[in-house]
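Q: Protein chains in written order, with the working numbering: chain A, 1 to 387; chain B, 388 to 774; chain C, 775 to 1184.
Think of the hints as simulated: they come from the structure by calculation, not from any bench. Everything numeric in this text was worked out from a predicted model, so none of it was measured. Beta carbons are placed, not taken as given, at the ideal position from N, Cα and C, and that holds for glycine.
For each label pair, taking beta carbons as the anchor points, the in silico distance ranges come out as:
| id | chain 1 | residue 1 | chain 2 | residue 2 | range |
| --- | --- | --- | --- | --- | --- |
| 1 | A | D116 | C | K1008 | 50 to 60 angstroms |
| 2 | C | H845 | A | D116 | 16 to 26 angstroms |
| 3 | B | R500 | A | P254 | 57 to 67 angstroms |
Partial chain B-side listing against chain C, Cβ under 10 angstroms, derived:
| id | residue |
| --- | --- |
| 4 | L425 |
| 5 | R500 |
| 6 | V510 |
| 7 | L521 |
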Amino acid sequence: MKRWIALLAVFVLVLAACTGDDDTAGDDGGATTTAGGGTETTAATETTAPGDGGESTTTVAQVADESLIETVTANGVLKCGTRDALPGFAVLDESGEHVGFDSDFCRVIAAAVLGDAEAVEHIDLETADRFTALQSGQIDVLVRNTTWTASRDGGEGATFMQPNFYDGQGMMVSADSGFASVSDMDGVIVCVAKGTTTEGNAAAEATRLGLNWEVRAFDDPNLIQEAFLAGQCDGWSSDVSQLVAVRSVYPDGPDALTILPEVFSKEPLAPAVRDGDTAWAQAVNWAILATIQAEEFGITSANVDDVLASSEDINILRFLGAEFETDSGTTVLDPGLGLPTDFAYQIVKQVGNYGEIFERHLAPLGLERGVNALWFDGGLLYAPPYR
Amino acid sequence: MTTVEAPQRPPFWRDVRVLSWAFQLVVFALVAFFIYWLVGNYQTNAERVGISTNFDFLDQPASFEIPGSEFSQTQPVRDAYVEGILNTIRISVVGIVLATVLGTLIGIGRLSRNWVVSRLATVYVEVVRNLPLLVIMVFTFLGLVLQVLPTIQEAWTPGGIMVFSNRGIAVPWYEGNSGTVLFLLFLVGAVGWWALARWRQGVAARTGAPSRAGLIGGGFFVAVMVIGWFALGFSVTTPVVEGRLSVGGIRLDPSYFAVLVALVVYTASHIAEIVRGSIQAVPKGQGEAASALALSGFQRMWFIVLPQAMRIAIPPLGNQYLNLIKNSSLGAGFAYFELTQVTQITVGNGSPAIPAFTLALAFYVVLSLITSAAVNIANRRFALVQR
Amino acid sequence: MTTRTAPAPALVWVRRHLFRSFWDGLMTVVFGGLGLYILFRLARFVFVTARWEIISTNLKLLMVGRWPDIHLPRISVTLVVLAALGGLVAGLIHARQVRAGTSAVEGMPLPARASDLGRRFGLLIGAVLLLLALTTTVGTWLTAAGFVVAGVVGRLAGARIGRDRLSRPVIILLTLVFIGVPAGMYLYLVDAVPLADWEGFFFNVSAAAAGIVLSFPLGVLLALGRRSRLPLLKTVSTVYIEVVRGAPLYVLLLLANVSLEFFVPASFSPSKPIRAIVTFTLFTAAYLAEIVRGGLQSVPRGQEEAAKALGLSPVKQMGLIILPQALRNVIPAQIGQFIALFKDTTLAGLGLGILELLGAAEAITQQPDFRGQGLIIESLAFVAFMFWVGSFTMSRESQRLERKLGVGTR
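Could you put together the complete structure from these sequences and hints?
A: Have a look at this one:
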């Protein structure tokens, strides 16, 4: 069955002829014979089970026998999947450089792995192809404002990292609309941006509250704003970070809009890597955690050199990859992540700690730290100890 | 070639028939092998990254809603596809009719003796034809729907039976029984009209009595519709504004309106050129003869020139109809829930991308093949039988 | 009527063309009013209300994307070389027409020729001048100057070369030049910036050109296959043509976006521009095949019969006699297909996320300085203008060519 459908897919794509399925011998046999087309794929035919069964993660990592951490180091450049028009997270400046919170996390990973924050190739992806790009090896890591969900973890062949931003879907209305709560909104039109979980969340929320919403999905945020300005939509539903960003530069002034208090979904936005490459996943994860750890220590790009020169704190010295005294002389902590020992120093020096990145890109939108504050400030950010 | 008697068969390596079959088989084998290779790659790669290649997603709940339809989020994806196809057909059929009318008018306008009219028609054609459709669509959405139509609070309600607002155009509609029944009723009436008209025309031809085909057939049609309407419990609902939406009647989605206008405007510019060329291809004598018979300008165009021009125009018009159907896929960007939009949203909500898009593509191909078959039939029916 | 004093010619014209009858007059007033109103709104937008800073700030991004500044001269060199090549073609065609005595411009006084050129390319020149006015660097002006000079030199050289009948070595040499130089320019550009990074309007133009050139062989083969008497070949070609023509390009691009890497060995992951060009090529080939088929049908049967009578082999009949005539007849239709593809390259932005002109125009509206101000209108107006100037100029030239070739007037 699967073969036949795959054949149908190719038939329509390649559009060449109507027959040719003379290989109905059996699933596994077919796969083995056809693998001759590619040189590196022959290894994959030994394991025929799809790579979702328990611990048999071997099936997925066959593109290259080595971990991406070695490939990326050898290439000297990190291919980071991102986007080009999401205010605060990733936009293009007039020279075409990617600027934003997510773009800086690409740089964080590059600084950690390669020691150079600028050794990043930002690859713009659409919502529809972001996971296939990851699966096919077109990108090394996906930092594209992507919500971590169970079915993406399980079904899309992606492994999610420490979220770099905790978001949630909210609702924005005109200040003069009289709506004070989402549950007031019955018989209304709600506009959303297309392609993600947003429509589904809005539909689910309406059902939960027993409300009648018409959800209209647009490709282009410009169109939503124009539709909203013209009074075609009563509500604008999106991740709160985006609503705040829109509100801060709304043509009629920020006060013309109200973001309702309810947040009706959890959207932990997390970088993702391909399933099955544990070494790479750990390296990426610790690069992200290092920005949080640095903020916990109060190390910034401005003071990192001073801290390195003067600090006596063994935790900080370990973290920055500096030499510290042990009973058997001086040593440098190498936890075996495959990262250079000074990766945290490079991140902080070249890009900054979490707070700095946030201040640089998200604070100007009018976003507050909220749940994205450090744990001792009442937020959710917490880095495991680096030792 | 026609009468050569082969005295003896040439050796098979020089036999044209053998050679041609051998050549064909080689080509065919190459094509088949190519497809086989592609399918093999697809399966190997799909297994490697663990993505789904089957169509099981069609039975999963859709988890999004489609405005303007009964479709709810708990229904399977399959039903969403049906809804999307219906919407594609809806916009295509209406678009084809309107584009033909507008295109014909503009095509005639280009040949007008009136300088303003011919100039304006020329400018229209030359401007619209040379713009990307996507850009036109953004402009119709921003300019027409959002600028011209009023907000729901200031909706126009001409005669109290229609509601014009930028949330849609609501018109009176039937209720009380299903649309299929109404369509069957219409069919009965129309077939009766046609049969009666034929019968009366036959009588008229035989006896010379006035045929009164229109009166008798039309009367039958009206009678069937009126009696059926009341007997089957149909009634009319008229839309009224209730809160932020119009209730009752049927509401045309504003996005439908924007996409439809863009498709019509764009396709009409191409049809106008076809119509102009076809009119110019009708021998001049035809028009002059009509003038000599003292037919009015309208009669000359409607009864003499256009029917002959349309005969020439059918094949290229068919191409434009196909283009219109395919171009309706661009409505996906403007919150119109046609096939492509449904596919994109279902992929955004977790359906596997490759099978989902392949399915959409297959539907478009089928739709196009049906349309081009219809055009071919029309062409054969109207083509001038020569010599 | 005849005894009245003749009214002023202008008045006659007005009466004849605007107010022939009551209805005519009404139409004039209504449509004239409508036209003037649209013109007024448009002019007010362009000159008064629009804020064009978003365009002038991002001009480079819109035109060439993120092409590195140090490699920009390569684009300039390419443009200049291609101008010379274009001039050469124009010169050769002109010389041929002069020899055949069909040239429309030969012997025309210089001012008349200039105004003819102005009518044909005035819009294009105006658009280029506008773009130049928005730029801040000298390089673009130098490029434009080089472009003009190279074009003129090429035109003169072409006219000189073509003054006499071309000898066989010259023809071979010219063929090599016309194939080799564009290929060389491509290598010269790719050497600096890989195809994966071609963006902006530059991408739209290159992708359309690549699509039409690459689809040409496939299209001709498909057309021959469809007309072939060999049933298997005919089926394969027909199925391909009909299926591709039934599929929307946008959905094909969406599918290519998510699937192309799955159909090739895992070691090879095609970049987005390659996906776009592959899709454009496969798509356009089906349309070209139908165009070529039309051309083949337009060649009178007598040609084939005469070729047969001369004892030419079937391959030679097709290659030497029928195909050249067929292809010549369909040049205007091919230009039409090129225009369509040129406009359709905008779908690569929406479907594949390539930063082509339309994609860039939407992306720049999200920049911190410009977002939330409704500048999408200005941005798209620029896109519309660029595509319109290009398509309009090409379609006019194609109509001119059509008249010259005498297609459809036989």
